[in-house]
Every structure is written in C-alpha cells, then in structure tokens.
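Required output: the full structure, derived from the provided sequences and hints.
Line by line, the protein sequences give chains A and B.
Taking this note's numbering, the leading residue of the first sequence gets 20, the next gets one more, and so forth.
Taking this note's numbering, the leading residue of the second sequence gets 2, the next gets one more, and so forth.
Check before you lean on any hint, since a few could be wrong.
As the list claims (entries may be wrong) - Below, simulated DSSO-like cross-link-like pairs (lysine-lysine); rule was C-alpha separation at most 27 Å, straight line: (1) A:151 - B:460; (2) A:128 - A:41; (3) A:128 - B:460.
As the list claims (entries may be wrong) - Label pairs and their computed distance ranges (CB to CB): (4) A:139 - B:150: 52 to 62 Å; (5) A:84 - B:94: 58 to 68 Å; (6) A:208 - B:231: 40 to 50 Å; (7) A:363 - B:336: 52 to 62 Å; (8) B:35 - A:57: 35 to 45 Å.
Stated by the list, open to error - Not everything, but these chain B residues come out facing chain A in the computed CB check (under 8 Å): (9) 70; (10) 227; (11) 230; (12) 231; (13) 329; (14) 332; (15) 410.
For the record, the hints were derived by calculation from the structure and aren't laboratory data.
Every residue, glycine too, gets a C-beta built ideally from N, C-alpha and C.
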Amino acid sequence: MSAPRLDSDDEIEQLPPDIAAKARALLKSLVRPHLPMVIFLAVIVVLTAVLLVIGPVFIADALDKGIPAAIDGDLAPLIRAVTLFVASALGSAILAFTSTRLVGITAQKILFTLRERMVTHVQRLDLGYHEKSTSGRLVSRQTSDMESVQQFLSYSLFETALALLQMSFIAVTLIVLDVPLAVVVFAGFVPLFFITKAANSTQRSAYRRTRTSIAKVIVHFVETMGGIRAVQAYRRQPERRGTLSDQDTRYRDANTDALRGVAWFAGWTRLIGNVTQTVIIVVGAWLVIEGWTQIGVLAAFILYLRRFYGPLDELVQAFNLYQSASAALEKIAAVLDTDPEVVAPENPQMLPTHGEESADSASSAAESAAGSGRALDLEAVRFAYADGPDVIPRFDLHIPAGQIVALVGATGAGKSTLVKLVTRFYDPSDGRVSLDEVDLRDLDDEQLRSSVVMVTQESFLFAGTIADNIRIGNPEAGDEEVLAAARAVGLDAYIRRLPDGYATDVKKRGGRLSSGQRQLVSFARVFLADPDVVVLDEATAHLDIPSERLVQNALATVLEGRTAIIIAHRLSTVEIADRVLVMEAGRIVEDGTPDELISGTGRFAQLHQAWRDSLV
Amino acid sequence: MIFVRPLLRFWPDLRSRIGVYVLVLVLTLLANGIQLVVPMITGHIIDGPIAHRDLSALWLPVLGVLVIGIAEAVGMWARRMIVAPVVASWEITWRSRLFDRLQYTSVAIHDSWESGQLLSRAVNDLSMLRRFFAFGLPFLVSTPIVLAVGTIMLVVMQPVFGLIMIVMAVPAIIAVAVFEKRYRETSRRSQDTMGEVTTDVEESIQGIRILKSFGRSPWAAERFSAISSRLKALEIRKAELDSWLWSVLLLLPTLAQAAIVAIGTWGVVQGWTTVGTVVAAVTISMVLRMPIEMLGFLLADALMALTAAGRYWEVIDIRHDITDADGSVEDDPEVGHYRGQLSFDDVSFHFSDTDRLTLEGLDLRIEPGQTLALVGATGSGKTTLASLVPRLQDVTSGTVSIDGVDIRQMPVNELRRLVSVSFEDPILFSTSVAENVEMGAPGADEEEIWNALEIASAKDFVSRLPEGLDTQVGEQGLSLSGGQRQRLALARAVIGRPRILVLDDPLSAVDVDTEDRVQRALREILPDSTTLIIAHRPSTAALADVVAVIDDGRIAAHGTHEELLESSPLYRELMGASAITQEGGRA
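Below, the structure written as structure tokens:
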C-alpha cells in the first residue's frame, strides 16, 4: 500500500502491448464452439449472395425475352422467367429469415458465454485486484463494452461476409465480361487499400478513447449514486456535475472524432467508387468506339459496377462497428487476461476428516458441537502489499482447534491483514498458513470456504429476499434452518413485522434494514454456514450492546468447539475468548488468557481498564 | 400514435439545432435521390453518344456523372461530419440532465431504484438514442418520402402499376402492425433486463468479500447466469421478430415486381400499356426495393429508441419532493443566522411503500450548544431520525424545526450548510484526503483541515499516509480501514464548525481510547455546535449533556446519563449495565 492508488488504477487501464492479439484470440475461442453453425451460416451467405446476383437476371430475362414472346402468343418463356424470379425471391426471403434468426441466436450465445466468463473470472480475481480496481470500471466492461461487441456480432458479421461475397461474385463477372475494364475497376482498390489502412489506425485509437472515457463516466456515475447521501448532505451536486461534464466532454470529443473518422472514410470510399465509374464510362466509350468492346458488354458493366460499389457502404459501417467492438473486446480481454495472485491449487488436498462426519446432519449437528474446530498455524509468515513495506514482518502463531482468540491492537497494527491471510484473501509473501497441517495454498477451495468463514464490518445485502440473503451462508438450507439462524441472532421478531416476512425484498417494499440489522443478517449467514473456523473482523461494531451480547451468546453456544478469531474494539469480546493476542506493528506483543493479561501491567491491562471505565 | 410521445419529447433539443438537422435530412434525401438520377444518365450515355459512336457528345454527360459522383461523396461526408458533433453533444446533454435529476432526487426514491437500472439508462439507453438520432431518424424520415415519390412516379406512368405497389403495401402494413407491439414489449423487457444485469454485476463486485468469504462465487455466477440467459432469450426473441418482418419486407416488393411483369405483359397484349413502360416500372420498383427492405431495420431501431426514450423520461419525470419553496433547489443560498435550537414536534415517519411507522409522534428538543446522545436498540429508528435533520428524508407528519423555523421552509442547501452529518457507513469520494475533508467547508485552508483531522483523531494516521493530505482515498484510492474512514468522515463533519452536528454512530469502528479523545475534543472545540449523536457506548452517552432513549419510534426516556441509569431499565439494558454487574460478580 505504498503508492497512491490512482496510479495503480491507471495501470489497470493501461493495456498490455499484445492486447490486440489477445482480443483476437479471445474472439476465436468464443467462435470456435459454434464452428458448425458458422459453417452453416457461411453456406447460407453463399446461397444468399447467389440469389442476390441471379435474381435480377430472371427479371431481365422476363423483360428481354418473356414479354416479346408473350406478345407473339408464347407465354411459356414469360411464365418460366417470372416463376424463377418469384422462386428466387422466396428463396431469398427464406434465407434471410433463417440467417437473421441463426445470427441472432449465435451472437447471443457468444455474448452469453462472454458475460459468464467475465463474471466467473472477476469472481476468481483476488481481493488485491478488487481493492485496486473500482466496481464502476468492471461494470463498464460488462455493459457498455459488451454492447459494442453485441452491435458488431448481431448486425455486422453476417452483412460483412455477404457484402464481400457479393463483391467477389460481381468481380468475377466483371473479369469475364471484359478484362481491360475490370483492370480499371481493380485499380480503384489501390487508393482504397491505403485509405482503409489509414482509417484503421486512426479509428482504432479514436474508439479506444471512447471506451476509456465512457468507463470513466460510468465510474463517476456509480460513485455519485452510491454516495448520494453524502453528495446531498454536503451539497456536492455542482462539483459532481462539473466532473461528469469534464469526463463526458472527453467522451463526446472521442465519439465525435470516431464518427468524423467514419465520415472521411465513407466519403473517400464513395468518391473512389464514383470516380472509377466515370473513368469506366470514358474508357469503355473509347473501347466501344474503337471497336474493342461490345456496347452490350459496356452496358452490363456499368450496371454491375453500381452494384459492385453498393455494398461498400455496408462494409464501411461494418468496419467501424468492428473497430468499436475490437476496442471493447481489448478491454474485456485485458480483464480476462489478469491472473489472480491467489490461485486455486492444482492438486487440491482435503482436510483430515472429523470422525463420524457422515452421520445424518440432525444428529451430527449436536455431536459435532464439540471438537469440530480446526487448528490454525502461521509459520514464519511475512506479508507486504505489492512492493510496499512489510505489514507483517515475521509471524508465528499456533491456534489449537476449538480455541477462541481475541485479537486486539490499534488501527494499523495488522489485525485485518492477519485475518485476510487466515481466510486466504491474500497469500503470505513468505512462510505458510495452514489449517490442520494443510497449507491453505494446497487446500481445496470449496473446502477452505466452507470451513473458514469471515464476517466483516461491511455487511452487504444482495437484491432478493431476506431469506435469500441469509441463505448465502448455505444455499441448501431449508426454511426451518433459515428461521433458526435468524432467531439465534435476534432478527426473527423484526423480520416477522415486515410486510412479506422472510420473503420481503431487502431493497423494496419496506425491507430497509438498518446497519445493525444488516450485521445480524451477516451473523445469521455464519450460523447457516456452520464453519470450523469463524473470523469476525469488527463484525459487531454497529450493534447495540444487548444485540451484541445476544449474538455473542448465540455464537458461544452454537459455535462451541469451533476455532474463532475475533477482532473487536469493544472488549466485551474477551468475555467469550480463551486467549487474547495483542498486536503492534505486525507482531504479537502480548499473548495469554484474558485473566492473565488483565491482571498484568501490559498494553492489554491498560486497554481493558480504559474499556471498563468507559462502561457504566 | 400516442406511443411515440417519449421520442416527441426530444423536440426542444431537436429544435435548438433544427437548422443543422434539416440540412442532414436534406442531404439524406439527396443521397437517396441521386440513386435514381445516375442510372438515368448512364443509360442516356449508352443509348446516345456510345451507340452513335460520337465522342464529342460524350463529355457533357460524363462531366455530369463525375460532378454528381463527387457531390454524392461530398454530401455523404458532409452529412456525417455535421451530424457527429450534434448527436454526440445531445447524448452528453441528456446524460447530464439525467445525472442532475438524480442528484437532487431524495434518498428514499434512490433506495427504491436498483442502481443498475439507473446506470443502464444513463449509458446504454442514451447511446441507443444517439445512434437513432444520427442515422435512424433521418432515414426513417427520408425513406417514406422516397417510397412515396417512387409510387407516384409509377402511378403517373401507369395507374395499374402504382396500384400494385399500393396493394403490396397492405400486407406490409399489417406485418408492421403485428410486429410493432410485440417488438416494443420485447424491447422494453430486454432493456429492463439489461438494467438487472448491470445491477447484478455491480452487486457481485461490491459484495465480493462476502461472496469470497462464504465461497459463494459459484452461487453469484449462477444467479448472474439466470439473468443473463433471460436477456439472451429476449434478444433472441427480438431476432426472431426481426426475421419475420425482414423476410416479409424482402419478399413483398419482389412479388410486386413479378406482378408488374405479369400484368404488364397482359397489358401490352391488351394494348393499354407499352413494353417501355413495363421496363421503366420494373426499374423504379427495383430502386424502391432497397428502402423497403431498410424500413424493417429502421423500424426495429426506432422501437428500441422509443423504449430507451421511455426509460429516460421515467427518470427525468421523477418528482422532486425535497426542494426549496419554489420547487427547485438552489445550490448556494444565503445562510441566515441561527442559534441552533433543534426540535422535533410530534414527528412521525413511514417509508412511502409501507404503512408501518418508523417514527411515531416523537417529541425532542435540543437547546443551542447542547449535546444530546440518542440511544436505542438496533432498528429502533435512530438513523431515520438523524436523516430527517438535513432533510435527506422528510417527515410524514409533524415538524422538525431550527430556532422555531420549520426546516421545510428553509432553502434545502441553507439547511444543509447549517447541518453537518457523519454517517455510520462513512462515504469517501475518490479524491485526496484534503478534498474529502474540505467538502465540509469549501475553501478551508490546510491549517483548518489539519485542525479538523486533529479533532477526529485522524492527524496521526493521515500524516503517515504515503502522500499525507494528498493521498488518494475512496473507491479508486488507498483502501483505509473502517475506523480510518470513519474518522475522515468525522473530520469532514466538524471542519465547518457547523451550527448543528449530526453524528450517526460516528466511531463504532474506533477503539475506546480514540473515541474518548475525540469526544473530549468535540466538546472543547465545538462548544457552540448543537450536537445530536447516536451512541451505543456508555462512555459516549456519559459525556453528553442529555440523553434520549428511543424505543420503537418514540422517545421512551429523557434525562442525563446518571438520571436514566437510575430511572430507566431499558437504558440500563442498552448500556449493558446489568451484564457488567454479573461480570463483576463473576470476577
């Protein structure tokens, strides 16, 4: 924690140099599972392009041959041409119907996978990453950037393929019709190539700027709405508006630049197409007049030429959606490319079993009350955040199974860091943390999480009912168990008074919970989770004294025999502790039973005296 | 067509740039028109100069084609150049309006919205509207004109052919009508679901510690997956609806062409039309196919924009219920002189979505300069009471007044300058320590900031931060401990030496020593501030001039700490007195 975090946040924003390649690799990996579908769509593209090219041939046939024959009394050629035309139109419609659906479905499946990958990966990232990053930035990856990718996948990929194919068909037709004229047409591709190349680099940087600037807007928006109480109470509205306006101005400028880039690109493309057409007319006229080319060939050529350059507009549009999407995909790839520092073990080990654990849950709950704690060991542990100074210089500690330890010390003594190591939110820089002799780094993640549970001061509620929120402790818990947990922490009476009881949505219809009640929900979660080791980091700070005592008594009975580490400024915790550790500057300076320490003359004795004096 | 109202409401913005926008429309129309003109000239060149092998007659029409070609390219360039800054500015103007509306919307209404629903409106919906006004709308206006002109040309040429086009329009209109309602509904649900996705993403990141701590990341992923697959299903539904409309709009004009050829031939045989007319009619209908096909896409785009507009106006239409007398909120009103007597008279409060009273007929008076400690069990209404003072919420009945003036009569921001608050969940913004503290007294100098930090017992740790006062904190900055954040928030509350100080359990995460120091500093340095402090600890209550006990939304007891310990069993219980006796007995 040495450098100001704004720098590190910008670092996160900075994309690795090979990000374009990574974004492409990501796209490939997303498309690969849909390869059969993509191939099928490719066939549809080819058929669509064929029908697009030959449809007009049938109608021309009807006009050129059908009508004269019909006037002469022979309806057959007309009927044949019109039937073929209608058939090709029907075919086109069916193909369009199929492709629109399949493209939509495939694009949505790809996006679904990408969204899920993001969510799963973000959940895997360690706390170190989350403490450096902001929620707004990750939200912008999942929303605004994802939208860019969707725009391209849903509306452009198929159209691009179709346009390119159509152009290739027409190009072949042009060559077959007349080689010298075709050469003139293809000469137009030389400037087009350079323009595309130039647009590629300017547009890429413009779209990258839009992605970066909209992310900043989102971060600001999220922060303002999240802190609306302070914004209003401290009259920050004008200042917040100013910042939004600064950031949004940057977004607008980037957006304007990108859109104007499209204007230049589209304008040039169209100009080249139109000039080529004029040149064709002149050269063609000369060739015809010199007798080197048939007049009919020239007519056909000009007709096809217009259709040849027609799809270019669509390609320009697709090109830009592609640029925007790839800038977005780069941002997404950068998140997916971040490796968590706290990684799941390759060969996960399990904890030693506790005797008859397989007994059915009802009886085991009673039996396991004693002795289902786990021993915790920290051996030669050193810890520092990134390149910062050591927060914990060297630490050795053995907590036997079933011991309840109170951790005491001033702010910044390293208590919270210590419990983050015990819960493996961070890994130690040196040394090892182990649970029943198993290094946490080798321990199966699911088992780690079910046996070590931490409750902190912040008690976040997720959208949904109160019951669902309690059930985070154990999603399989039945209603009875949820009820029992709520009752144990003294939340039941309150919940029953809510409009829909346990089914009350915590964010709607009178479900507002005070911070104290939210903390009680956190505790109820612990009761359901029924872990071997409980870590409480200032978890009772918002509770009134009777509620705190109720929770502690409940903890003392239900979690009897479990190992516990409790950090609290209110020394009432000590009432249930077997052992007190006093920390200072990342070290233990006092260690003993509460009685020993209280009767001594050390730090804890002073703290305890001050606390006693603060009471009635 | 009442349902297009949300889009019509953007008319004032459109009108302010109407000159430019009309130019864009004209350029769009011209671009469409040129598509009709160029084939006619090239046809003329082939039939005339080339057929007659007359090079000299070639130059004029070729020059025409070249000029039109250049004009078309320039027109296309100009249209995009012109429209880009206009729509980009609109987008940020709308966002700034949305943002501002929300900034002044009361906390109660904020709490009733999911955060992601607001964000998805501010970002996704507005960018959708930007795209619609840049491309969708100009083409939506010009395309029917092109179609009308084409149809009129057909009618003039041969009424029967015109009739065929018009008959063809009937099934097209039916298809559009069937499509429109379903698409609008699906689009609305899809955009709302996008808001849910946003909310869920935000929650799964903000609640990451809890998810990790309980090993519930898979649960969060499943939850997200459920919402995300709903979004997927809705988007696929949109694609399915698109596929119907688009293929119908692809098929109909080709059927019309076939009909023109068939009926035209019959007409030629009958003698009421000529081969030339049939060819010309087919050529025109060929040109019309493109705009008809495009209509399907434009319609879908317009319907999505309509949904986005509806969602935008929902927020803009939120009624501001906590305002100055004139219904607005002045940012920087004059602050009058007040002594700081704060009273609650017969105050009741319930949240708008429930009848259950959080506060019920509550009376309380704090004299100028007095410190009152408010004590009560979890969920008894303490925080609600505190939020009434700076009018983050308004009373349902009764009055809160300062020096006898109902706070609803004062300009909101005058009140908020008189009243400083520190919340139990300390909110720091992503900026430096100095700026976070200075918010309490804009313009405060460094010395005043250090003084405030000293009162809050935060001076020591701030001076040890890597960059002292300039250290970045907040979500984007250094992560501080709960106790450190609380103390910074407290420094912000006290820096302006406010007339009235509301402290909602401001030191719950701080050790007893520090709390004691802060308490004494507050008394010494701010003797004139009327203070309402929510407290759980006896030491805090003991230092207050007077203590009020709140129980179930009413003041249950009132008096000094000692008096209440004597007289109120509830107070004794809340202060943990009984337990201490027990413990004392045990020890």
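> Does the hinted range 35 to 45 Å hold for residue 35 (chain B) and residue 57 (chain A) at CB?
Replying inline: 37 Å, holds
> Regarding the pair residue 128 (chain A) and residue 41 (chain A), is the alpha-carbon distance no greater than 27 Å?
Replying inline: Answer holds: residue 128 (chain A) to residue 41 (chain A) is near 21 Å, not above 27 Å.
> Using the C-beta atoms of residue 139 (chain A) and residue 150 (chain B), is the stated range 52 to 62 Å upheld?
Replying inline: 55 Å, holds
> Given the hinted pair residue 128 (chain A) and residue 460 (chain B), is their alpha-carbon gap at most 27 Å?
Replying inline: 54 Å, violated
> Given residue 231 (chain B) was flagged as interface, is its beta-carbon under 8 Å from a beta-carbon of chain A?
Replying inline: 10 Å, violated
> Is the hinted range of 40 to 50 Å satisfied by the C-beta distance from residue 208 (chain A) to residue 231 (chain B)?
Replying inline: Since the Cβ atoms of residue 208 (chain A) and residue 231 (chain B) sit about 46 Å apart, the hinted range of 40 to 50 Å holds.
> If you draw a straight line from the CA of residue 151 (chain A) to the CA of residue 460 (chain B), is it 27 Å or shorter?
Replying inline: 24 Å, holds
>> Would the hint on residue 230 (chain B) be counted as holding, given a Cβ-Cβ threshold of 8 Å to chain A?
In response: Check passed: Cβ of residue 230 (chain B) comes within 6 Å of chain A, closer than 8 Å.
> Does the nearest C-beta of chain A fall within a distance shorter than 8 Å of the C-beta of residue 332 (chain B)?
Replying inline: The hint holds - residue 332 (chain B) has a Cβ within 8 Å of chain A, the shortest such distance being about 5 Å.
> Holds or violated: residue 227 (chain B) as interface residue toward chain A, Cβ cutoff 8 Å?
Replying inline: The hint is violated - residue 227 (chain B) has no Cβ within 8 Å of chain A, the shortest such distance being about 11 Å.
>> For the restraint on residue 70 (chain B), tell me whether the closest CB of chain A is nearer than 8 Å.
In response: 3 Å, holds
> Given residue 410 (chain B) was flagged as interface, is its beta-carbon under 8 Å from a beta-carbon of chain A?
Replying inline: Because about 18 Å separates residue 410 (chain B) from the closest Cβ in chain A, which is outside the 8 Å limit, the hint is violated.
Going through the hint list in order, the structure does not satisfy hints 3, 10, 12, 13 and 15.
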